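Undergrad: Residue numbers (this note's numbering), protein chains in the order written: chain A, 41 to 325; chain B, 1476 to 1861.
A few of these clues could be false.
To be verified - From chain A, some residues computed to sit far from chain B (all C-beta separations above 12 angstroms): (1) A104; (2) D134; (3) S139; (4) A143; (5) R146; (6) P181; (7) P192; (8) D223; (9) V248; (10) D267; (11) S274; (12) T278; (13) G296; (14) V306; (15) R308; (16) I323.
To be verified - Straight-line Cα separation of at most 16 angstroms, EDC-like style, residue types lysine to aspartate or glutamate; simulated pairs: (17) K1502(B) x D1684(B); (18) K92(A) x D1684(B); (19) K282(A) x D312(A); (20) K92(A) x D1681(B); (21) K92(A) x D1848(B); (22) K120(A) x D1683(B); (23) K68(A) x E119(A); (24) K220(A) x D267(A); (25) K1531(B) x D1684(B); (26) K68(A) x D1683(B); (27) K68(A) x D1684(B); (28) K68(A) x D1681(B); (29) K120(A) x D1681(B); (30) K1531(B) x D115(A); (31) K1844(B) x E1857(B).
Keep in mind the hints are simulated off the structure, nothing from the lab. Small disclaimer: the values here were computed from a predicted structure and weren't measured. Don't be surprised by glycine CBs; every beta carbon is placed ideally from N, CA and C.
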Amino acid sequence: MMLMRGNAACPGCPIPRELDALLEVTGKNTVLVVPASCTTVIMGDSKGMPSKVPVIHSAFAASAAIASGVKSALDARGEKATVVVWAGDGGTGDIGFASLSGAAERNEDIIYVCYDNEAYMNTGVQRSGLTPYGAWTTTTPSGKRERKKPLPQLVAQHGVPYVATASIAYLFDYQAKIRKAKDITGFRYIHLLSPCPPGWKFDSSLTVQVAKLAVETGIWPLYEIEDGKLRLTSVSKTLLDKANRKPVVEYLKLQGRFANLSDEDVKRIQNDVDEMWEELSKIVS
Amino acid sequence: MQTTYKRSIVTGMVGNHAVAYAVRQAKPQVLAVYPITPQTTMLEKLSEYIDKGQLKARLIRVESEHSALASVYGAALSGARVFTATASQGLLYMTEMIYWAGGQRVPMVAAVATRAIASPWSILDDHQDIMGKRDSIWVQMSAENVQEAYDLTLMAFRISEHENVTLPVMMGFDGFILTHTMERVEVLPDEVVDQFLPERRFNLVDFDDPVGVGSVATPEDYMFYRYEAQRSMERAKRVIEDIGKDYENITGREYGLVECYMCEDADYLVISMGAWSGDARVAAQRERDKGLRAGLLKIRVFRPFPKEKVREYVRRVRGVVVMDRAVSFGSGGVLGIEVKSSSYGLDVPIHNVIGGLGGKDVRPMHIQKVLEDLSQGKLEEERWLL
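Please model the complete structure; the sequences and the hints are all you need to start from.
TA: Here it is as structure tokens:
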């Protein structure tokens, strides 16, 4: 275990396991750069040190730039190491987007992981650019009216060598992607859907099940984009056939944040997912 | 005393190039700079040095000043000597990371080509940008001319990395007035700089003994961090003077926290900071020629503020005028506030003159007029040179 037990995560929070799974692959010579987020709290106060690798906490908007500097300095020192940004959806897609985009455009030799819990959870569930359509948050009390920002695609558009999506419910797939990313030089991006029991309003025993349903319903396709080519991975490979996809309502109904969706809303979300798979089928075939 | 300074190379350079020259000699491994007027030609010169292999460093061409300081912050934590530069809005945009670097007491050097702040827009010189960063736990220095900008840049690295200090250092020099003006400069040979600047040792990224940097602090820890920062600022005064003496041994140029020009026996004192200290020098000399015993006390180091020195000189005179290019609105000139605070309890009137904002011209004759009014008891407590 690279991340020690007894950290300050909420019950049912997938972040410690997600982080641990990452460090299992990247190993001792990893530097974590963590902007303001749930992980800041999970990592504990200045007296404790729940991680067995160096952690640089950072200002919200700065992490990709800090990681660029860390990697440059380690290169100058001749030190072989993996530099990983570990950031939430706000720190990645909203306030941190400029530095993310800058680092991607410069093709910095870092791995950027976005653990996406689809809102500003650390400040108490406020809407982010990555909150999906229809979801309740404290700043969208009657449900968000806009769609989720397509972040993996936006990063891929920078022409970086590696982009992948992942889910804690498919651990081997996630770790295989980190392993692959570790051996690539340049900017690597992994987008990890990270269900949040209090923020999404589901029972803390259901985290993995919710994460699994996001994939099985097709809402969260697992793929990797290498040298511009998209390849579906794991169970998502079978989901091009609509018959293999579970209806989105199975994913939505487990979560209190979608409790107020109308039938029309559910239909719209199903349509969006079907359309996305239409697009995917054109890209992969 | 060994005098090696005869080996100095005499040349002519604009301020931005002189600072870039000093940075090349300091051999940072990582730089990150975003172009902003009037700093840009420094970035261009640094790019050229790296392109030609004259400086072996990674220059991270970032997308913003926020990222510029973030990059060098990460690099500095990881053991590299680093440098960045900016001005005005860029310094404002960096501000969040400026506090991170100060809060973690990370050694690094930033050159600030001082410039007015919007709104309204002005690309010309004053000190509102750099003075606005006075509480961010950075050592702050200010150059009077291109020579000082070069010298202070070299000294800044050594001050910043000194084990009794470990604080980031800001080297301010007036936009356009110094950045773009060609002056006679004496530069040191590279090998002399190598001797002056020891190898950097600070590194917080250790895989065998990992630590967390900048994590959440309890109230007790947080306050202690701040207490330590204050102590390190106090220690820095001595270190800066010692390093100044070392530098004087090499160059023959004197570098203390303040510089006294004809102020030992002065009746009336001008206190100033930055490029217009040159004009104040001329004004004081002209007034001397006319029979008024005027002197100049130049503040070279603003943080830590040399209050003991200021008090020592203020106590001897009959009146003081502090020249300010930055205002704490609703209170007064920033340097004026510092001087008044340092002189608490002394029975010496301290007047504050505010001028030169947004590049408004101030000449020796303006400062002469102020000195004359001061000596005749006609100077208000706060006067604006409108």
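Undergrad: Now, for every hint given, state plainly whether the structure supports it.
TA: A quick look at each hint next to the structure:
no.: 1; hint: A104; verdict: violated, 8 angstroms
no.: 2; hint: D134; verdict: holds, 14 angstroms
no.: 3; hint: S139; verdict: violated, 5 angstroms
no.: 4; hint: A143; verdict: violated, 8 angstroms
no.: 5; hint: R146; verdict: violated, 7 angstroms
no.: 6; hint: P181; verdict: holds, 30 angstroms
no.: 7; hint: P192; verdict: holds, 20 angstroms
no.: 8; hint: D223; verdict: holds, 19 angstroms
no.: 9; hint: V248; verdict: holds, 28 angstroms
no.: 10; hint: D267; verdict: holds, 24 angstroms
no.: 11; hint: S274; verdict: holds, 32 angstroms
no.: 12; hint: T278; verdict: holds, 40 angstroms
no.: 13; hint: G296; verdict: holds, 29 angstroms
no.: 14; hint: V306; verdict: holds, 40 angstroms
no.: 15; hint: R308; verdict: holds, 36 angstroms
no.: 16; hint: I323; verdict: holds, 29 angstroms
no.: 17; hint: K1502(B) x D1684(B); verdict: violated, 27 angstroms
no.: 18; hint: K92(A) x D1684(B); verdict: holds, 8 angstroms
no.: 19; hint: K282(A) x D312(A); verdict: holds, 13 angstroms
no.: 20; hint: K92(A) x D1681(B); verdict: holds, 11 angstroms
no.: 21; hint: K92(A) x D1848(B); verdict: violated, 67 angstroms
no.: 22; hint: K120(A) x D1683(B); verdict: holds, 13 angstroms
no.: 23; hint: K68(A) x E119(A); verdict: holds, 13 angstroms
no.: 24; hint: K220(A) x D267(A); verdict: holds, 13 angstroms
no.: 25; hint: K1531(B) x D1684(B); verdict: violated, 29 angstroms
no.: 26; hint: K68(A) x D1683(B); verdict: holds, 8 angstroms
no.: 27; hint: K68(A) x D1684(B); verdict: holds, 11 angstroms
no.: 28; hint: K68(A) x D1681(B); verdict: holds, 10 angstroms
no.: 29; hint: K120(A) x D1681(B); verdict: holds, 12 angstroms
no.: 30; hint: K1531(B) x D115(A); verdict: holds, 12 angstroms
no.: 31; hint: K1844(B) x E1857(B); verdict: holds, 14 angstroms
When the structure is compared with the earlier hints, violations turn up for hints 1, 3, 4, 5, 17, 21 and 25 and for no others.
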